[in-house]
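Student: One-letter residues, chain by chain:
Number of protein chains: 2
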Amino acid sequence: MDAGRKDIDALIDLMAKLPGLGPRSARRAVLHLIKKRERLMSPLADAMKSVAENARECVKCGNIGTGTICDICASEKRATGEICIVEDVADLWAMERAAVFRGRYHVLGGTLSALDAIGPEELRIPLLISRVRDEGVTEIILALNATIDGQTTAHYIADELAGACTVTSLAQGVPIGGELDYLDDGTITAALNARKGF
Amino acid sequence: MDAGRKDIDALIDLMAKLPGLGPRSARRAVLHLIKKRERLMSPLADAMKSVAENARECVKCGNIGTGTICDICASEKRATGEICIVEDVADLWAMERAAVFRGRYHVLGGTLSALDAIGPEELRIPLLISRVRDEGVTEIILALNATIDGQTTAHYIADELAGACTVTSLAQGVPIGGELDYLDDGTITAALNARKGF
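Keeping their order, the protein sequence lines are chains A and B.
Residue numbering for the first sequence follows the UniProt record's numbering, beginning at 1 and increasing consecutively.
Residue numbering for the second sequence follows the UniProt record's numbering, beginning at 1 and increasing consecutively.
In short, the hints are calculated from the structure, not lab data.
None of the values given here were measured: they were computed from a predicted structure.
Mixed in with the good hints, there may be bad ones.
[To be verified] Sample of chain B residues at the chain A side, in silico, Cβ under 10 angstroms: (1) R5; (2) A10; (3) K17; (4) A29; (5) V30; (6) R37; (7) A47; (8) V51; (9) A52; (10) R56; (11) T66.
For every residue, glycine included, the Cβ atom is placed at its ideal position computed from N, Cα and C.
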């Protein structure tokens with residue numbers, strides 16, 4: 001009889017390991033799931049099982065999919081000459097939501113970091129360099145986060161690929177809908193330096 | 001090939017239905033799960049499946065367990081004469097964490113609410129009245145939330161059980177560690193009215 005509560009406690013402990021959930025919100029989520037066990041909990045368990053069994057990283061770009069090669073790398077509709085470099089799959093998803101880039105991606109899996117002892121070999125940088133050589137890439141678009149580590153990594157990649165192809169990066173400036181009053185000095189400086197004819 | 005991304009999207013949609021998670025945090029949680037698919041995602045899916053299949057409400061008190069009768073109702077160590085009335089299973093769990101009450105519980109499953117058309121029949125109030133009659137209950141402890149609906153429900157139950165057994169409720173006052181400066185007027189008023197010899 002006691003097994004029931006143990007199962008529920010085990011589930012709460014696992015849920016509490018998700019980012020954004022602590023012990024308290026995990027308990028709340030589990031109670032919600034138990035109340036909706038047929039409509040929500042069983043489908044969620046099945047979906048999770050299926051993704052856990054099938055999801056894998058694309059051997060070419062590091063995106064997540066179900067095959068050895070991801071949907072984007074396998075698609076014939078995507079331009080092969082342009083590769084957009086992102087830190088993480090979440091960034092790739094953000095780019096795809098904007099639905100403006102029609103080339104392919106390369107997911108680094110992080111940024112260079114001297115503090116955390118993450119060098120080029122720990123990221124997918126060697127793989128990127130061989131892709132640029134082998135796939136006839138003409139342009140690399142750096143879409144790394146505007147953090148110190150992100151920009152260090154961007155400079156490293158630009159140096160490594162100098163001469164092999166065009167290297168560009170996302171423009172920096174005022175975000176759409178952004179109000180100057182709420183922007184940091186760095187963004188305003190970048191936007192002023194990159195000003196263009198109106 | 002496209003099925004992979006669809007599975008992941010379906011999982012994100014389901015995760016976003018959990019309380020405290022929106023689309024953005026659901027995406028983040030799913031990416032985290034995919035990264036830790038063997039250590040976290042598979043065990044979580046299994047735990048969820050198991051709870052979804054086995055969890056059920058106790059027919060006596062409404063607590064969640066795996067049998068027809070929950071652990072607490074089945075335990076011979078718990079006093080049968082005292083029943084603590086709570087709104088929700090989460091409140092029962094909170095009482096159990098305090099580990100001070102050794103009687104049994106009755107989970108109402110909500111509060112009376114004229115606005116939402118929730119009357120006594122929608123809650124476990126008729127079941128409570130028959131438990132008090134049949135189980136030789138001597139004291140009912142009202143541990144309902146200190147909200148208007150919670151207190152309305154408490155008064156209704158106290159009226160229904162008047163004469164059948166002693167009805168008490170949790171004391172109201174300054175919480176342990178609470179600072180007067182941060183307390184609302186209602187709590188201070190209640191604490192003053194219920195003042196006791198020092």
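Student: With a cut-off of 10 angstroms, does the beta carbon of B/R56 approach a beta carbon of chain A closely enough for the hint to hold?
Tutor: It holds, given that the least Cβ distance between B/R56 and chain A is near 9 angstroms, below 10 angstroms.
Student: Can the hint on B/A29 be confirmed by a CB-to-CB distance to chain A that is less than 10 angstroms?
Tutor: Since chain A brings a Cβ to about 5 angstroms from B/A29, closer than 10 angstroms, the hint holds.
Student: Against chain A, with CB atoms and a cut of 10 angstroms, does the hint on B/A10 hold up?
Tutor: holds, 5 angstroms
Student: Please check whether B/V30 passes as an interface residue: C-beta within 10 angstroms of a C-beta belonging to chain A.
Tutor: holds, 8 angstroms
Student: Less than 10 angstroms between beta-carbons is the criterion; does B/T66 satisfy it with respect to chain A?
Tutor: Since the shortest Cβ distance to chain A is 3 angstroms, the answer is holds.
Student: The hint names B/A47 as touching chain A; please verify it with the least Cβ-Cβ distance against 10 angstroms.
Tutor: holds, 4 angstroms
Student: So, B/V51 near chain A? Judge it on the closest CB pair being under 10 angstroms.
Tutor: The hint holds - B/V51 has a Cβ within 10 angstroms of chain A, the shortest such distance being about 5 angstroms.
Student: Taking 10 angstroms as the limit, does the beta-carbon of B/A52 come near enough to a beta-carbon in chain A?
Tutor: Cβ of B/A52 sits 4 angstroms from chain A, so the hint holds.
Student: Mind checking the CB of B/K17 against every CB in chain A and telling me if the closest is under 10 angstroms?
Tutor: With Cβ-Cβ at 6 angstroms, under 10 angstroms, it holds.
Student: Less than 10 angstroms between beta-carbons is the criterion; does B/R5 satisfy it with respect to chain A?
Tutor: holds, 6 angstroms
Student: Closer than 10 angstroms between Cβ atoms is the bar; does B/R37 clear it against chain A? Give me holds or violated.
Tutor: holds, 5 angstroms
Checked against the numbered hints listed earlier, the structure breaks none of them; every hint is satisfied.
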